[in-house]
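Please arrange chains B, C and D on chain A, whose structure you already have, making use of the hints.
4 protein chains.
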Amino acid sequence: MVLRKRIFDIIQPDDGTSVLSMVFDRLITVLILMSVVMVFAGTFDLAPITRRWLYVLENVASIVFTVEYALRIATADFLYPESGAVSSRLKYVISPMALVDLAAILPFWLPMVLPDTMLGIRALRLVRLLRIFKLNRYFDAMRTIGEVIAAKKRELLGSLFFLAILMLIASLLMYSAEHDAQPEVFRNAFSGLWWAVATLTTVGYGDIYPVTGPGRLIGAFIAFAGLAAVAVPTGIITSGLTERRGREKGESGKPEGEV
Amino acid sequence: MVLRKRIFDIIQPDDGTSVLSMVFDRLITVLILMSVVMVFAGTFDLAPITRRWLYVLENVASIVFTVEYALRIATADFLYPESGAVSSRLKYVISPMALVDLAAILPFWLPMVLPDTMLGIRALRLVRLLRIFKLNRYFDAMRTIGEVIAAKKRELLGSLFFLAILMLIASLLMYSAEHDAQPEVFRNAFSGLWWAVATLTTVGYGDIYPVTGPGRLIGAFIAFAGLAAVAVPTGIITSGLTERRGREKGESGKPEGEV
Amino acid sequence: MVLRKRIFDIIQPDDGTSVLSMVFDRLITVLILMSVVMVFAGTFDLAPITRRWLYVLENVASIVFTVEYALRIATADFLYPESGAVSSRLKYVISPMALVDLAAILPFWLPMVLPDTMLGIRALRLVRLLRIFKLNRYFDAMRTIGEVIAAKKRELLGSLFFLAILMLIASLLMYSAEHDAQPEVFRNAFSGLWWAVATLTTVGYGDIYPVTGPGRLIGAFIAFAGLAAVAVPTGIITSGLTERRGREKGESGKPEGEV
Amino acid sequence: MVLRKRIFDIIQPDDGTSVLSMVFDRLITVLILMSVVMVFAGTFDLAPITRRWLYVLENVASIVFTVEYALRIATADFLYPESGAVSSRLKYVISPMALVDLAAILPFWLPMVLPDTMLGIRALRLVRLLRIFKLNRYFDAMRTIGEVIAAKKRELLGSLFFLAILMLIASLLMYSAEHDAQPEVFRNAFSGLWWAVATLTTVGYGDIYPVTGPGRLIGAFIAFAGLAAVAVPTGIITSGLTERRGREKGESGKPEGEV
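Those protein sequence lines, which keep their order, are chains A, B, C and D. Following the numbering used here, the numbering of the first sequence begins with 153 at its first residue and continues without gaps. Following the numbering used here, the numbering of the second sequence begins with 153 at its first residue and continues without gaps. Following the numbering used here, the numbering of the third sequence begins with 153 at its first residue and continues without gaps. Following the numbering used here, the numbering of the fourth sequence begins with 153 at its first residue and continues without gaps.
A pair holds if it fits inside one copy or across any two, identical chains being indistinguishable in the list.
Below, computed lysine to any residue pairings styled on SDA-like, alpha-carbon distance capped at 20 Å:
1. Lys304 - Glu400
2. Lys243 - Pro165
3. Lys305 - Phe376
4. Lys305 - Phe373
5. Lys286 - Ile321
6. Lys304 - Phe376
7. Lys286 - Phe314
8. Lys286 - Ala316
9. Lys286 - Leu309
10. Lys286 - Ile225
These aren't lab readings, by the way, just hints derived from the structure by calculation. All values derive from a computational prediction rather than experimental measurement.
With the rest of the complex left out, here is chain A (with noise of 0.2 Å):
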């Protein structure tokens, strides 16, 4: 019982008071760190030696993990202590940062269990760069934000489906003024939806644009409203952090205003 909760501590996130945990936590960020290089690396022409131990790193770092899933379980008791045994494991197994844990380290077993595996080289390659959220545990900087843009949900999807109409409207429109003049470009609607989520977003990489007077008329006019797909979503997320500030004032304010 001691060695568990001895264990618990240390793999909970550091709070600065012991040093066991400290390794700990530097341990895993340089393993999830060095597993993502690993993936960028495996997209390379590699010679089959540096292959190899990419290989053999890869399955330490899968093992590491693995072991830290099940000392997670293991001690999930004292993470949840109003839960009894199996149910605080159940608790802790369904919670977010337990799948991303799972996630991490289904590329490893997955293939073991199932020989013929139906996921490809390159989707299993992609389920393990999800590690990278397990650094999350370490980095709660991006609550705020989060938090944030939960409060102006309603909001933020009023405009993304406003973009979306003004997308497919000039998508249309665009197909149909330039379709004549270029027939290899703007070849049908799907053409149009990719030129206006370029002109809209304002990347405009110059693969597709209009050539035509009226083609570019209403380029021009979608071009004018990238400005408020811009404006409007920036406007909501700092009228929502302005708010969130007030409000936090407000509420460490109080004890103040009391007599």
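Only chains B, C and D this time, still in chain A's reference frame:
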């Protein structure tokens, strides 16, 4: 009378109390989305059999929308209980949503009424796309943003007017600077205008750009002005959203503040 | 005297009371817009007959603007009632709007005064475009934004200074990284500067971009700095607009707050 | 002693009281700008005689900057009157502005001290460009923005971390989707990363973009995420600037509020 009231309750947007109303809303939504998909599909080279199926589906959707339109008119007296039998129908027919409903079925009925329709196939297709606005009935999240834009109309128009002047001057300056170096690219002041749109909105397709020293100087100036073209409307919309929230809080706060 | 006062009332921007004043405003606005369109039209290859008509219209507009300018000077004593007959005219002549009016008619009179004008045809054309600023008289919505920009001048200049330094460093780094790989594209540090402008403002024409590893690393850094180049001025302008509104509300709110 | 005090007053940024100090400031500013222009000029193909003149000017500037550096150290005891003769000099030498001054003259002295300098010509050139930061002494408008960015460091880093994860996933997904269709363009995951940078920052050079259906779907998703990449940092900086202003007003407002 009782039946008409029942129908009215069903075709009104579902408020969570009636299963039939919800089913009707879903059916209409599916038909709208299917309609839009079919407009897109119509721009592809399709096998005759697929094209025939699209034609049948399109007609089914048009008939359903026609019945929906008729029912909405027939039950308009429940929507405006204070108006008379005729005036309530007239009031409804000229309401924005009813006009959208009418536009949605016109492409089906117009060619029957006017055998040699003056509207080309493409124009009809675009009108059919307007059906997407029928979704508006079930989606009111855009209202806040619309109200903020309406409240800040003067300032937003002011910044658009400034952009327009900037574009006019930039396009003529750029035409003067680049016409000799790239006579085929900067043919006339309209080419300059198209360049100015792509640069001010920071889209930058890359089909048209300055190559001479003076041209690049003007280009750099307009590209930086493009930062302002994003910054100013964003600032206006953000301050509009913040003010609105402040006013709402002020109003809801009053009862608390009063003694 | 009575006639001069009447003329003054007519040529002043319409305040909704006089039909003649409104007609005059509309006439001038139409002539201004026609003038701008003609400057654009002049850059096309036109038939001699069209070109002649443009020439006639241009001269008519110039004469009307000259009469307008003369009338405004003749009635300037009503604009500055506190000044004397001469000083009120001088005061008016050096006011920004009067200078715009003067610039608008110079391209017509200058070639007559200086037979072998030193100004080329293109320069005259650009000066004629300045007429668009005459519209300013009827359009004051840009004032708020201008005031906010003026109030935040120091911070906006600060961020521009930062961008300038970033651009200088980025252009030289990029030149150093890419000159060997693309000697024709990154010819000298000025090519690097043009690249830095296109990237920092997120325009990205695609005429010039890094292809080497180090070049792309610098490019990625500057592209992300471009996000800041949008974010910082937007933030400054937004906070300026919000403050301004707060001050306005504060001022108008005072009487309510006082007892 | 009196002379050293006089020199200190002259080399300190002018506060509007001394003509000599202002002349000194202007001289240094001109030399800094000339230096930067010369670094740019050095990347052009120049006639030997021009190159020689640049060399002479560069050496003059370097010697003036060296004398300035020596004088600043010699008079550092006036800057930190509370410190002793030695400690005030040490304190000054390690201050950021003094380090910039040192970096500005190193490219001149280093090749003399180390005959076979390890620094290449290009590296020296880049170091010389650092002189631009000497201007900082006369320009403090960036401080406000720097403080806001420092105050919001956590949130800004959070959004950068989110962008980094998004970029990693997008680049690998895009590589998987496009590698078969464009093996030469999407060679490895690093090509995908370069694409993700250009798209998320909405630069969009057009050297690399998806052509397949799945690739364009991922591309559209990342292009819209790019809107968030602009919106979130802008929101953070704006709310930071607004809060700062609120705090300033709160502080200055206290005395008024108190009775």
